[in-house]
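Listed in order, the protein sequences are those of chains A and B.
All residue numbers for the first sequence refer to the working numbering, where the first residue is 291 and numbers rise by one.
All residue numbers for the second sequence refer to the working numbering, where the first residue is 291 and numbers rise by one.
Bear in mind the hints are in silico, worked out from the structure with no lab data behind them.
Be aware that one or more of the hints could be misleading.
Listed next, the stretches of chain A that the computed footprint assigns to chain B, with coverage defined by at least 3 CB atoms under 8 Å from CB atoms of chain B [to be verified]: (1) 336 to 350; (2) 443 to 457.
Just so you have them, the derived chain A footprint on chain B, three or more residues with Cβ under 8 Å [claimed, not checked]: (3) 293 to 307; (4) 330 to 341; (5) 444 to 450.
Idealized CB from N, CA, C, for every residue including glycine.
2 protein chains.
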Amino acid sequence: MSISISDVMNGLATQQVHGLILVLKKAKEYAEESNTDAATLLAARLHPDMHPLSWQLKATMETLTRGSARLNHAEVIDLTLDEADFDGLIARIEGLQQELLVLDSALLDQSEAESFDVPIGPGATMPMTGKEYLLKFVLPNFYFHLTTSYDLLRMSGVAVGKRDYMGVS
Amino acid sequence: MSISISDVMNGLATQQVHGLILVLKKAKEYAEESNTDAATLLAARLHPDMHPLSWQLKATMETLTRGSARLNHAEVIDLTLDEADFDGLIARIEGLQQELLVLDSALLDQSEAESFDVPIGPGATMPMTGKEYLLKFVLPNFYFHLTTSYDLLRMSGVAVGKRDYMGVS
Numbered sequence: 291m292s293i294s295i296s297d298v299m300n301g302l303a304t305q306q307v308h309g310l311i312l313v314l315k316k317a318k319e320y321a322e323e324s325n326t327d328a329a330t331l332l333a334a335r336l337h338p339d340m341h342p343l344s345w346q347l348k349a350t351m352e353t354l355t356r357g358s359a360r361l362n363h364a365e366v367i368d369l370t371l372d373e374a375d376f377d378g379l380i381a382r383i384e385g386l387q388q389e390l391l392v393l394d395s396a397l398l399d400q401s402e403a404e405s406f407d408v409p410i411g412p413g414a415t416m417p418m419t420g421k422e423y424l425l426k427f428v429l430p431n432f433y434f435h436l437t438t439s440y441d442l443l444r445m446s447g448v449a450v451g452k453r454d455y456m457g458v459s
Numbered sequence: 291m292s293i294s295i296s297d298v299m300n301g302l303a304t305q306q307v308h309g310l311i312l313v314l315k316k317a318k319e320y321a322e323e324s325n326t327d328a329a330t331l332l333a334a335r336l337h338p339d340m341h342p343l344s345w346q347l348k349a350t351m352e353t354l355t356r357g358s359a360r361l362n363h364a365e366v367i368d369l370t371l372d373e374a375d376f377d378g379l380i381a382r383i384e385g386l387q388q389e390l391l392v393l394d395s396a397l398l399d400q401s402e403a404e405s406f407d408v409p410i411g412p413g414a415t416m417p418m419t420g421k422e423y424l425l426k427f428v429l430p431n432f433y434f435h436l437t438t439s440y441d442l443l444r445m446s447g448v449a450v451g452k453r454d455y456m457g458v459s
């Protein structure tokens with residue numbers, strides 16, 4: 291027994307994407323109760339030159355969908371995630387979660403020692419094994435955009451707590 | 291070959307704690323150039339009832355020090371991390387990083403299937419294997435406080451970028 295790539299990817303889809311859905315359900319309640327437009331919340335930024343919440347949500351899920359596609363030797367495509375209200379976003383993310391949960395674990399796991407050219411910036415790629423790609427790239431990027439999404443809603447006044455983020459409520 | 295607990299913990303100490311140090315070095319530069327007190331930056335919060343940056347930094351490192359102590363069957367103690375300026379914080383975190391890098395990998399790895407009673411709230415514990423504890427508790431908590439620390443400094447105007455967070459600059 292040890293940790294496999296599919297253990298990690300399934301855990302992210304099960305626990306952390308579940309947590310994101312809990313957070314978005316609270317954002318929806320907040321928008322309704324406070325009479326705030328979803329568009330206002332989705333445009334929240336930490337700094338004028340930083341991406342807004344709508345972009346952070348897309349980046350969170352895209353890190354998983356592109357990451358798992360790469361590890362599965364499937365086509366790596368940009369994700370569309372541009373729903374303008376919380377019901378739409380939640381339904382879309384639940385759909386993506388289901389797709390992640392039915393990925394072929396054996397295919398994911400055999401990528402561990404394979405080499406991938408991972409884009410790391412405009413015109414630049416870096417060779418990494420599947421294991422390096424998961425630990426050094428997918429995990430920090432996923433958690434970065436997930437936490438920043440949470441932080442933006444927390445900053446905006448949505449009553450989310452750590453238990454929502456952790457997917458345990 | 292597969293992923294071991296020590297692979298993950300060493301990666302966090304090497305890449306992500308390195309990234310945190312890069313971020314704090316930029317915070318130090320910003321404080322000097324803008325004539326801002328370190329205390330002002332360390333008191334930044336996303337919301338009045340959320341913990342400030344000083345607490346987030348402590349929580350980031352404590353998740354690793356307590357996590358690795360538990361997985362090593364060592365005493366799990368609260369961390370002191372209350373330096374009031376960036377030079378002090380950077381030196382302290384560099385010291386903790388060195389302690390994390392010399393942990394006994396074999397001891398960490400043998401915890402994978404062992405059972406631990408993990409505190410999950412006031413008076414409550416949950417039994418988890420070392421593997422579950424790492425994936426479901428240590429990773430999401432560590433990245434939460436790490437990203438929130440970055441977000442607070444970004445919000446405050448410090449010119450940090452994703453490459454700093456990723457530990458690649």
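Results of checking the hints against the structure:
| no. | hint | verdict |
| --- | --- | --- |
| 1 | 336 to 350 | holds (count 3) |
| 2 | 443 to 457 | holds (count 6) |
| 3 | 293 to 307 | holds (count 8) |
| 4 | 330 to 341 | holds (count 3) |
| 5 | 444 to 450 | holds (count 3) |
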